[in-house]
Every structure is written in structure tokens, then in C-alpha cells.
Amino acid sequence: MRRLGRVVLLAAVVAVASAHVGSPDTVFEGTAGPYPVRVVIRTPGVVPGLADIAVRVTGGPAVKTITVLPLRGGRETAALPPADTARLVAGTRDLYAAQLWLMQFGAYSVQLTVDGAAGRGTAIVPVMAVATRRLPFDVPLRVMLVALGLFLTVGALTIVGAAARDSVLEPGVEPDAARRRRARVVMAGGAAVLALALWGGRAWWNSEDASYSRNMFQPLHAATRIVPAGVARAIRFTIDDSTWLDRRWTPLIPDHGKLMHLFLIRDDATAFAHLHPVARDSNTFVAALPPLAPGRYRVYADIVHESGFAQTLIDTVTIAGPATAWRASDPDDAWWEESRQPSAVSGQQDTLADGAVMTWQPQPLVARQDVELRFTVTGAGGRAVALEPYMGMAAHAVIAAPDGAVFIHLHPLGTISMASQLVYQLRQAGDTARGALGRRITAFEDTAPRAWMTGMTPALSFPYSFPRPGHYRMWVQVRRGGRILTGAFDLQVN
Amino acid sequence: MTAIAAPATSHRVTPAPVPWHLYAVLVAATSTVVGVIWDISWHRSIGRDTFWTPAHMAIYLGGVLAGCACGFLVLRTTFAGTAEQRAAGVRFWGFRGPLGAWVAIWGAFAMITSAPFDNWWHNAYGLDVKVLSPPHVLLALGFTGIQLGALLMALALQNRTDGSPSPTLKWMFVYAAGLLVTNVTIMGFNQVAFANDMHNAQYYQVAAVGVLLFLAAATRASRLAWPATATAAVYMVVTLGMLWILELFPATARLAPIYRPITRMVPPPFPMLLVIPAFGVDLVTRRLRGRANDWAQALAIGAVFVALLFAVQWTVAPFLISPRSENFFFGVNRWDYSSRPGAFEHQFWDTEGGILGGRTPALWLLVAAVLGTASARIGLAWGSWMTRVKR
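Same order as they appear, the protein sequences are chains A and B. Under this note's numbering, residues 1 to 494 are what the first sequence spells out, in order. Under this note's numbering, residues 1001 to 1391 are what the second sequence spells out, in order.
Hints were generated in silico from the structure; no laboratory data involved. Nothing false has been slipped in among the hints.
Part of the chain A face toward chain B, derived, beta carbon under 8 Å:
| no. | residue |
| --- | --- |
| 1 | R72 |
| 2 | W101 |
| 3 | M103 |
| 4 | L141 |
| 5 | F151 |
| 6 | A162 |
| 7 | D166 |
| 8 | W205 |
Chain A stretches covered by chain B per the calculated footprint, using a threshold of three residues with CB under 8 Å from any CB of chain B:
| no. | region |
| --- | --- |
| 9 | 43–50 |
| 10 | 152–159 |
Residues from chain B that keep clear of chain A, each with C-beta distances beyond 12 Å, as calculated:
| no. | residue |
| --- | --- |
| 11 | I1245 |
| 12 | N1293 |
| 13 | V1316 |
| 14 | P1323 |
Think of the CB as a built atom: it goes at the ideal place given N, C-alpha and C, for glycine as much as any other residue.
Bound conformation, chain A alone (with noise of 0.2 Å):
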């Protein structure tokens, strides 16, 4: 059992990954019909395990139960299971908590129903459920197991020796020098066997550690390149896993309609773009690259598949030599330079390049709680600007921590993928043939209305919950006269 406990004991790192890098938690804000919610889904990063679901009722009528209900897959089953009935914490008047139970890795969809005076709203939060997380063997657990194993061990020992000493003697004979030897004897044969069968434990357990290792999130490999294009240069983001080229993965569906979100952050974050390279194959993703700063960059790669699995893939690369012109490859791409900028980051404000002013209203983050981060973006005179639809939403915006071990890209409605979400509301039960539904979503992407997009007021809010404490940075875009503004700031988590 000792052994075992320094195994584990040096395999207890905690390492924190995820589909959203470095930021496990998912948060939707939105609405289950007449009901506003904003939803807080805290997930093991284990699998099977259990997930808490936090449903906080930001307004509206009046709620009476709310239920969750966590679906894997569109397969059709012959049945549902009940769903869970979230119960009102105690000390709130609007915050419900449930647990979800997640019992296969991938995508799923948390069905959210709310019922109320208003009758039956309904919300889909997609959830993905991946191991992400070692768990330590804390020492005052090992110190007990330890222990309680050695007291097992020896007990077992002695065991072993009364039985071969003096259990088959007749009540009230004491064993003889040579029982007492034979005893000694068998004792040590127990040893032996005790200590082959705690070897056998220690190498059962490392391979069942070794397994679930292999089976931890590990986001796609890829490599980025940057690479001449004419006069002017090209980042080229390949997706070179070797599970992706075996087409192990269902193909890509698009998000806001880009089938990738490209973000470029420069390891001292004084240089950030945000582009939406063009697929050549499916592999190989390319996109014109902004005039930024020479530097090594962190290379984010938002995608969603049709499995409705949303991931984000990493890679570092290195912009050297001097900027060369730029036509931006997609009309939706932005780029952002501290040093270009009218005003310093600060915690506060930031001056776009339009001249507006991007306003964050402050107030205490603490980490592992939901905040709502609101901004408002006013003109000259501190009147309140008009702005229009960037992709779809009234606004991105990514926080990175200076490390780059977390990164979120986020909108008002929250972390969670609208394509992930648009999987789970047009999937069908006849969608067996890879690409039909991608195929459906771009074509519901192109034509339908952007329902989703929230109301264009110059008020914007993204709901989040920060991971750890600690400093981070964070880029807000929003479209205003047919240009992408970004402002920037500093927020400190506590």
C-alpha cells in the first residue's frame, strides 16, 4: 500500500486542460423560453463523473421547478431517462443546483426545462465531457491508507501465523518449539505472497493510471507556419493529428460561419489578432497575417465538430522580420497592437481606434464564481454609440492568462459553442452520413435569421467564471461603421 501511495504520489499533478484551454467551466447565458438564465456547469474532468449544475434565474416570471437532463449523442434509445429536478439553494431566491451525471467522454447536450407562470421554457447547453484533470493522493489520505494497509498486511501476517500455530491445537495447549518454528515458517510464506500480491496491486494500478492518462483530453495536434503569399506573407495552420487524418473525427462544422477562429497572442500579450483562416483541404487552414509585432505568438484554433464536440487547439509560432502589407484574408478579421493604440491598457477604459471609448464597469472577480463582465462602448460626450453585428454577436472577446495555460474565447451568451448548440437543435434522427448535418448548419448559418444574436445596445455583457486567481488579460471586438474595434484590459482575480 506504501508503494502505491508514492506512485500515485508522484503521478499527482495537477494538470488543467479542456476543450476551452485552461478554463473547464461552461456558462450560458440565454433563455429557456420566457425564462432569462444563466447557467454555470462545473465539470470533474474526470469521466464518468458527476457534474455540478448551477441555474441562477436573472429575471423574468416567476420560476417554479426547474429540471436538467444530460443527452449524449443523437442516437435514438428506447427511452429517456427522468431528469433531475435542480433544488433552490438555501439562502437564494433564484439560484438552482442539480448534479449531471456524465458517463462517456464527448459532446452532450444539458437539456434545461423551466417551469414557471409562464408556462414551459426549454434551453440546450452543450457540455463537453473529457478527462482533463489528475487527481494528487493528499497526504492526510495517503497517511490513512498507508496505515490502514500496513495494519491489513501485518494483521493478515499474524492471522496466518496463529492459524498455523495455534488454531488446530486443542483448547488450552501451548504450541511446541518446533509448532512455533512452523508457524514462523508459514508466516513467511504469507510474506512472500502478501508481497507478490502488493506488487501485483502496484502494477495493476499503474497500468490502470497509464490508461487513464492515455485517455485524457489532448486537443488535436497541429503546426503552424508562417509562409510566404505573394508580396505579402500567410499564416498556415495545419491540423496534422494523426487521429484527424485517419478520420477518426466527424468533419468541422462552422461557428458564426467560419469553420475556424484563429487567435494570435504574442507571449507578452501587446499583440493580438483574431482571423478566420479559409480551409484548402481539410486539413490546412490559411489566412492572410496582420502587420503584427516580430515575437512568439500563442496560437489558439477554436473549431466544432459535428458530433457537436467543440475543441481548442494550441500551438506556439514565431512572427520574425519586418511587417509586410496585409489584405485581410477574411473580411471579419482584426487585429490589435498595444503600442499602436491612443491609450494604455488599463483596468478600466480603453480608447478604440475609431476614438470611442470602451468602458468596463468594475467590480470584485473571485475565482470559480459567475460574474457578468459588462462594458459599454460611448462616443463623444459619453453618449452611448450605435453598434453593429460582428459575426452574428454583438461582440467576441477572448481572456488569456499571461502564461497561456488559460484561454477563452467568449461572446454575451457565454463559453459555449452556438454551433455545438445548433448541432443538438437541427440534429436528426436520420443524420448517419458524415457531413449531413455540418451541411445542414452551414446552410441554416447562410440563410436563416441570426436569431441568436442579442440585442444591439452599446451595453455588452459576457458571462464568465474565471478558473484561478491571478492576472489576466482581456481583448473585447465589436464592429462599429464597417470596422472591427478591439479594446483591451487588465483584470485582476482574486
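Knowing the structure of chain A, use the given hints to seat chain B on it.
The following block gives chain B in isolation, referenced to the frame of chain A:
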């Protein structure tokens, strides 16, 4: 007319009453077996569980009951026992108590240890990803310890009784042996539970190895006339009891995906008809006792057991996998909520390389008989030791 002489009354000793702690430990051992069968059914019917399911409570009740009863027994024997009581115990770190009580206490501690270990395991690697995991094995060792402790406690009392022990005591020993056999069939659930495996060589090999250890030991150590048959009967009664009781209770699957709407608890499969090969084991043992050495006896036991088990199970298997057997008696609603309905329900499984698909059925049976012989030989040696256990 031949008169059969009655035993001399002067040697006749009234059997001592069976002590309360033996009842307690047997109830505890039963609780663990019932709990484990219930828990398997729970996972197959409802899917979702917590530490506090009734099935888990039954398992842990067994641990607590055995631990408390035996703990009290050894404390009382050590500090307040008569000289006679202390003399009838074995020593353990300065304490005194029956060997079986120590084994049961060890089992209870193993079960207690497994609880936080299992909890950590679930948090680290997922909720019951596999039935066989290190903490589950520790738990299984624990409740097996309680069953073994019950067996040894009944045994010591039986062996200490002058003349013939009370029928209650004799049956208690066999009952504990039957629980251990049931335990083996639970551990070998994937090999020896489903009728679909009965045309597969592995079924006979696992059954021979797992069951004969206890049947052979029982033939040696029990004072009943037909101990192997009685042990097998206990296994069948317990399994059938659980089969018939569980399917009375309504249940609903609570985890997606649900491929079968469950309305009743999924019961354990119909037990193997163990009394028939066990009767063969008894016949052979009675015939060879005192005439052949243990190796020869083990060989005969292994051969007869495998031959009879094969004859019986091979024959009944086609009926058991057919829709005709889907009734209350043989078990309805027998598949997990999460298994997709399919032809497999009425097919024999994994027969390639086994008896049905292979070209050498006799060889596979021979392997089973050899394994059974080895198991029986160990069982006989263990049984011989058990005939001498007095404390």
C-alpha cells in the same frame, strides 16, 4: 434381524447451544452476498448509484455487523472471558479470540479501508469505469474474509464438539461454504453467469477452478452426509432467492443511453445446476474415502464434476437462452438497460476456439478437468487442515 447398536449413552454429550456471535457473523456474511448481488442488479437496472444505495448499505452492514460482533467477542474473551474461553482462542497481539473472529475482523477492516480508497478512485479515474479495480478487490477481499471467518467459527465449534455436533452447527458450516461458492460465482460473473457462455470452454474451466476448491474442502471438513450437495444447494437457494425477489421490485433506468426500458430490477441469471455435479462429487468422495490418496480423490472429483457439469449445463443451455425461458421462474427482464437489443441474447458467445467452434472439445474439457483436479487437491488439503481446527 440385526439390531443397530445405539451409541453408548455415557459418551453422549448434549451439543452446546450455538453462540450468538456465530449467528451474527453468518447474518453479516449473508448481508454481504445479498448486497453484492443487489448492487450488480442495481447497476444493470438503475445505473446511477451513490455510496448510500440500499445495496451498498447491505454490503457495509455486513462489515459493520461482523466487525462489531467479533470485536466485542475478542474484547470480552480477552478481558472478561473465562479461562476456558480464552484457551479456546488464538493469540493476536496480546488479544484472544477464535481464529474465525480475527479473519472476520480483518475482513471488516479491509472493507472500511476500501471505502475511502474507492471514493478517491472514483474521483480520480471515474465512477465505476470497471467492476474490477484495486479498491473493489480490497472490498471483495474484505467481505470474503467475513464469509471465511463465519466458516472458521462454525468449524471450530463443530470440531470441538464431542460426538456428533448439532445439525444447526453442521449446516452453519455448509451454509458459510455455500456463501463462499456464491461469492465465487459473483466474482466470475462474466464467465459463469450467463447461459450464453455455457457452450464455451471457459465456462467449465472457471467453474471447475472456482467452485471445486470449496466443494472439495467441504467434503473433507463438513460432518454432513452429503456436504458438497448441501453446499451447492445453498448457492442455488441464495441465487434463486435473489433472482425471484429482485424481479418483484420495480425499477427505472436513470442514466442515458437507455436501450431497454426497465420496469423491474434486472435479476442475476439463473444459477448453474450445481447440485448435480456436487452430488457426483459426494458420491465419489464417499466411495474413495480411505481407499485412495488425495491425489486420486482430487482427480476423480475433478473428472466427475466437469463431466456432470458439462452434461447438465450443455443440455439446458439452449433452453436457457431461448425465449421460452423468459418467465418469472428463469428470470425475465434479464438484460441491462444499457445493452442494445440484439441477436446476442439468444446466441452462444465466444465459442470460437472453445467447445462449439473448436475442433477439440475433448481437449478443452480435459483442461477443465485438470484445472478442477488441481483446485480440488488444494481444497482437500485445506479441508484436511480444517478438520483439525479447534479454535
